[in-house]
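Using the sequences plus the hints, can you model the full thing?
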Amino acid sequence: MIDTSPLVDQYCHGVVRAELGLGTFESHLGRGAGAPAAGTTLFDTQTGFAVRRWCPPLLGLEPHSSPARYLARRRELGPLETERRLLRGSGITTYLVDTGLPGDLTGPAELAASGEAEAHEIVRLELLAEHVADTSGTVESFLGNLAAAVHHAAGSAVAFTSVSGLRHTTALAPRPPGPTEVHAAAGRLLDVRHEGRRPGAATSDKGPGPALVGHLLWLALSSGIPLQLHAGLAEGRAAALHADPALLCGFADATAGLGADVVLLHGYPYHRYAAHLAGVHPHVYADLGPALARTGARAGAVLAEILELAPFGKLLFSSGARALPELHVVGARLFKEALGRVLGGWVMEGAWSAADADRVAGLISAGNARRVYGLES
Amino acid sequence: MIDTSPLVDQYCHGVVRAELGLGTFESHLGRGAGAPAAGTTLFDTQTGFAVRRWCPPLLGLEPHSSPARYLARRRELGPLETERRLLRGSGITTYLVDTGLPGDLTGPAELAASGEAEAHEIVRLELLAEHVADTSGTVESFLGNLAAAVHHAAGSAVAFTSVSGLRHTTALAPRPPGPTEVHAAAGRLLDVRHEGRRPGAATSDKGPGPALVGHLLWLALSSGIPLQLHAGLAEGRAAALHADPALLCGFADATAGLGADVVLLHGYPYHRYAAHLAGVHPHVYADLGPALARTGARAGAVLAEILELAPFGKLLFSSGARALPELHVVGARLFKEALGRVLGGWVMEGAWSAADADRVAGLISAGNARRVYGLES
Amino acid sequence: MIDTSPLVDQYCHGVVRAELGLGTFESHLGRGAGAPAAGTTLFDTQTGFAVRRWCPPLLGLEPHSSPARYLARRRELGPLETERRLLRGSGITTYLVDTGLPGDLTGPAELAASGEAEAHEIVRLELLAEHVADTSGTVESFLGNLAAAVHHAAGSAVAFTSVSGLRHTTALAPRPPGPTEVHAAAGRLLDVRHEGRRPGAATSDKGPGPALVGHLLWLALSSGIPLQLHAGLAEGRAAALHADPALLCGFADATAGLGADVVLLHGYPYHRYAAHLAGVHPHVYADLGPALARTGARAGAVLAEILELAPFGKLLFSSGARALPELHVVGARLFKEALGRVLGGWVMEGAWSAADADRVAGLISAGNARRVYGLES
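Residue numbers (this note's numbering), protein chains in the order written: chain A, 1 to 377; chain B, 1 to 377; chain C, 1 to 377.
Accuracy of the hints is not assured; some may be wrong.
Which bits of chain C does chain A cover? Going by a derived footprint, with three or more residues having C-beta under 8 Å, they are [what the hints assert, rightly or not]:
(1) 22 to 32
(2) 43 to 50
(3) 285 to 296
What the hints contain is simulated information worked out from the structure, not anything from laboratory work. For clarity, every value in this text was computed on a predicted model and none was experimentally measured. Positions of the beta carbon are idealized from the N, C-alpha and C atoms, including for glycine.
Here it is, written out as structure tokens:
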């Protein structure tokens, strides 16, 4: 038996505070916008099956209980008690929490309290820029305030994160954007943010454009704390093509000497490329993120693929969970079981020694994250 | 044991009527044009080995009989008796048949009779356009006749199909082509078709160009019946790059609200992306098509990969078979065995319940196809 | 048990003559340039673990001995005795050696003597061009000498090789470059080579540019002996995107009738596409090269993937080893074990017959290489 506890979850979100009906719960199991196709349900996915396998026992039900029965039990216990039982049963002892999602989700302190765990904040660069824009009058003051805000955030946060890899590949150019471009992009953001205060204004395209995202990435890299970049398929509909981490190749080359680490999040189905980049760039790391929670019974197969090229000191566990504490549980449990099965299999075949397998399990589960994010053990 | 019968084969072709010599039979096992390399044979492929595993017993021989012995037995029985024994041993009870391939292949009615099964027609859009062009004099009348023909075909066919994804990626632009482009492309098709009637004219490039294919796709989508798009590697030599279903991302976005379903055929080796698209778009479905028949002993591994992201209500079985009834057999048998092994393994590990596995097997084998194509069960 | 001996290693390099310290040895286990990240070691990779599994027993130690202990034993024996024991324990009886790497590596004759094996030379086109440039005065004489040198080399070498696929995708255009381009590129190479003779000149970008590489490829293809093209991820940092063998599609189409074979080296993680190309083009072959040595305990899984689409007469074993005889050992041992496990598994399931499995193992291990390179058996 390979020992994988305790776990540091290097990237996740908070959970919904409200009580959830069956339909809302189901919508958090999917990756698209909108409702499932007629005649289908999002419970009929690897994620849905994994939730029904791992979570009912933590609430006193049989594994594979029906969705209706599970939701009834959840209501019986209430959202807070459900969250407590699930998080405490996950095996995660430290949460690094991206607080940049919209919606009424719990923050790091609440996750820590519910889960009897530690929690630290990951700052989302796009959101930080929007907040600074909302309180800045001119382009000059905005850019000055932004640099100060990034520097300040680096003092308390454990990492920065950006979803730009999914949206603006030009933000990943192998050099910082020029001052003219940055000024123009800053001006545009100020315009849309200030207009956006008027009621009825559209809420889309309110975020920073490519040149400003590029500026944020290079600012973040100069702060010294790690930068996490989303690198797999988008959760929503668009831009699947833009998420290929091989596009990050030039960015990784260009940022090698800056002293900050770059962590590629959620590489699936490009995880072999993410592993390749982690293998050739000393400052690049990779995780599988929600790939395991998304692929359920296949978690071991997917984990084994990323273990092909990635050096074992360059891989980090994360659940990538959002909104439902069930997703923290399945991320963690699927990871622990998959890692134990894959490494245990290699020990049985004689390919790895048992001592090496235990050591590597400890690195991926927690040790690498403690080293990269400077956490105490 | 997971029960997967009966099967609805949601995409296949008819079979050759003539008796086949060893060389001709071998050529239907390959994916390229021309002959195999000197010193090699196409029987030495996963498909060749799968045919030798599954088909000889249906004709009264041992599994893994030599090609020469198998072909001798085939000649002994004659093509029609061979076809009958093979199709009736396949486990397929409903065939959806793309009748748009050149050559003297059997049609749906003959497949149904030989296989003691039901059969329905899939109409290939490119061929429909060519037929209409051959009987239309002017661009105006051609385009009018084409709209009528698509509407008419939707009344009897179960689906439309197009191979354009393999050839013209511009046909997959996220909007219908403009009238000027469509008129120009229609004029070009009329020209080449009418010239083509002269004996000796080249037969290549006689098909509709990108703008006309785009027009056909949007016409088909307005008809209400499903549209099947080829999305994997071309069977022939060219355009491997163009077949990436991630390129279909924008097309899927743009067609989400039209009410017609889009089925991605044959995604291998891009099947994980096809599964992703089926997961984020309610109107998008995926199959593995001939990937299983092409990968033989690896069918289970490939099937498991598509089961990572695709919701279980969005996957459809097909054999993708053409020309040889042996290919219907190996498509079906490999699928049944692979599905049983993969889902059965997950039940044994405790990842899935047995009841869920049986239900999902029924959906992928037949239930999803019955729902999507409006077939009676 | 599947019998895979003896092995023809169709692509490898020589080994370092000098005694190696722990740090230098470790650096040859990695794929990147510089040092590993702080707190990590390149021994913590699949390659590092595979070396520690397979090599210590050949030097009289336990499997999985520590790096320090292994290096101490290596020093005790000395570099030549270490090389002899390792190569003779590898199971390789014929080495095809790319002699075009910089550094003081052993040549084919020394590998043959140390390994009690045969060895033949593979000529690297880029290096050949540089040598000819160094002794040619004018563009005209250079191009004439180059054609003569390629023709001459084809008389003694078993194959040509080029790394251009990793650097210059325009060199893979589906037609020979025009004379004007070739002349200009030849002039540039002469300039940089002659300048390069001055001490202190930079050594980067001294190689032939895209048009000259294209010219070399077509020259090589006219020589009749096989041309090996690098087709996977670069070992260094740059250009991961350019290595996709799907980009080779048009090149393969265009070179189909020339009579020379094209061998795609090292396709991982694009090995399924390389296998596809080998399946549709009679003159295209594929190997897995160092993918097995790089993925260690996963070698069987990776090998199984390339066995999906590639005809069994079109796959060739190679170790891709360089610098360390340990890499010849792990390339060969991982291949033998993986092949035996994968094919043996298929025999156990009834998917393949035992006789077919043995025959295919012999083809991939040695028979295909003997046929393609015209080696005596």
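The hints, checked one at a time:
For the region 22 to 32 of chain C, the assignment as covered by chain A holds, since 3 residues bring a beta-carbon within under 8 Å of that chain's beta-carbons and 3 suffice. Restraint check on the region 43 to 50 of chain C versus chain A: 5 residues with Cβ-Cβ distances below 8 Å, three needed, restraint holds. Three residues within the 8 Å Cβ limit are the bar, and the region 285 to 296 of chain C against chain A gives 3, so the coverage statement holds.
Consistency note: the structure conflicts with none of the earlier hints.
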